[in-house]
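*Asks:* Sequence:
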Amino acid sequence: MDMAALSQPHQASYDAIVIGAGIQGSFAAYHLAQRHRDTLLLEQFVLPHSRGSSHGQSRITRSAYPQAHYARMMPDSFHLWQRLEAEAGTSLYRQTGLVVLGPAGDPELEGCRRGAGPGDTLDATALAQRFPGLRPRAGDVALWDGSGGVLRADRALRAVQDVFRRHGGTLRDGEKVLRIQPGAVLTVTTTAGVYRAPRLIIAAGAWTSAVLAPLGLRLPLQPLRIDVCYWREKEPGSHGAGTATPCFMMLGLPEAPHGIYGLPALEYPGLVKVCYHHGSPVDPEERDRAPPGTPRPNIALLSSFISSYLPGLEPQPAVLETCLYTNTPDGDFILDRHPKHSNIVIGAGFSGHGFKLAPVVGKLLCELSLGEEPSHSTAPFAIGRFPGVLRAAL
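Per the working numbering, residue 1 is the first one in the sequence shown, and the count goes up by one each step.
No lab work stands behind these hints: they were computed from the structure. Among the clues, some could well be false.
[As the list claims (entries may be wrong)] Ranges of calculated distance between the beta carbons of each label pair, as one might list FRET restraints: (1) Pro-297 with Ser-342: 42 to 52 Å; (2) Gly-388 with Ala-318: 19 to 29 Å; (3) Gly-105 with Arg-179: 46 to 56 Å; (4) Pro-380 with Ile-299: 32 to 42 Å; (5) Ala-318 with Asp-76: 48 to 58 Å; (6) Ser-377 with Ser-13: 30 to 40 Å; (7) Ser-147 with Gln-57: 42 to 52 Å; (8) Leu-178 with Pro-48: 22 to 32 Å; (9) Pro-311 with Arg-179: 51 to 61 Å.
Ideal placement from N, C-alpha and C gives every residue a C-beta, glycine not left out.
Could you put together the complete structure from these sequences and hints?
*Replies:* The following block contains the structure:
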């Protein structure tokens, strides 16, 4: 073959282009393909990768949410996860139940309680039966969410991408977006191709700001590096898959204002995942370059929590990994059209709690992109709640 021909960039036209093949972008592409739209899904890294927010083996899912708009979306999300399991022929959800714990009167805890049933408050005896390894403080209140459990994250991402391709979708990884030219038909230029479509969805995670800046939009997005910690059981098997150990969320601790969450030992035998729901500001291009000896105050916070609340675990982490959150100032998502280019739809700012809602988020992004009435209100997710985000395009 002519070597000049080999170097020609790939060119094609599609009904829709999605930038970002994390869980949110992959579900947006999946819904578009289900709707018989010829869709291109672009990913800057070679898949699978661990540079963003969708890798790792597990995420919590739950119905208990302090914010009513997320609580209303969760039944739809559970249904769509089940649909994906059926389509992919694989199990993605393990129901373990979830304990929500915190001091009486904590606003987030009370918000979760409003959405719970009357029998879902656990007294000390019931809590000890459900979660024998947990030692609450006097005055703590425990709620039970029987729908809570673990989503198998890596497997879920593969499944949604596989079903997307089965419906005729095109996934091109290892292609970084270089330019987006707006218009009635948009042009997206990558390191390997030039693609055109009348609609574009941007779901680029921690890289969203870099993608949007040339389009004149400066969203208040803050990428954070999260310490993902695994703690060894003192007595092997006491908190693991062979037991009835549920997930948990700890709210309202003054020393941990963003909350602590945990999952039973499923990924690494004998290691329980317990993490702080916050992290350190980071440039996503530099996330793996923290010099040795960099202070990690959240590890000390978690060690103290483990010693007090989970005494059956060793108080120092056995495995330490990292993940990225991309936070908005209010912790709510951004799901909206570009203020100047209505055929560009943006999904961003999932703030560390978006994975469980990805099937619904993808559906909403698809509906916005197709000009349809969204199946859930997107008012809480509007760009307009952040003033001064529109700038002159570069």
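*Asks:* If a hint holds in the structure, say so; if it doesn't, say that too.
*Replies:* Hint-by-hint comparison with the structure:
1. Separated by about 43 Å at the C-beta atoms, Pro-297 and Ser-342 satisfy the suggested range of 42 to 52 Å.
2. At roughly 45 Å, the beta carbons of Gly-388 and Ala-318 sit outside the given window of 19 to 29 Å.
3. Distance hint check: the CB atoms of Gly-105 and Arg-179 are about 52 Å apart, consistent with the given range 46 to 56 Å.
4. Taken as a hint, the range 32 to 42 Å holds for the pair Pro-380 and Ile-299, whose Cβ atoms sit roughly 33 Å apart.
5. At roughly 37 Å, the beta-carbon separation of Ala-318 and Asp-76 lies outside the given 48 to 58 Å, and the hint is violated.
6. Take Ser-377 and Ser-13: their Cβ atoms lie about 33 Å apart, and the range 30 to 40 Å holds.
7. The hint said 42 to 52 Å for the Cβ distance between Ser-147 and Gln-57, and at roughly 20 Å that hint is violated.
8. Checking the proposed 22 to 32 Å range against Leu-178 and Pro-48 shows it holds: the Cβ atoms sit about 23 Å from each other.
9. About 55 Å separates the C-beta atoms of Pro-311 and Arg-179, a value consistent with the hinted range of 51 to 61 Å.
Consistency note: the structure conflicts with the earlier hints numbered 2, 5, 7.
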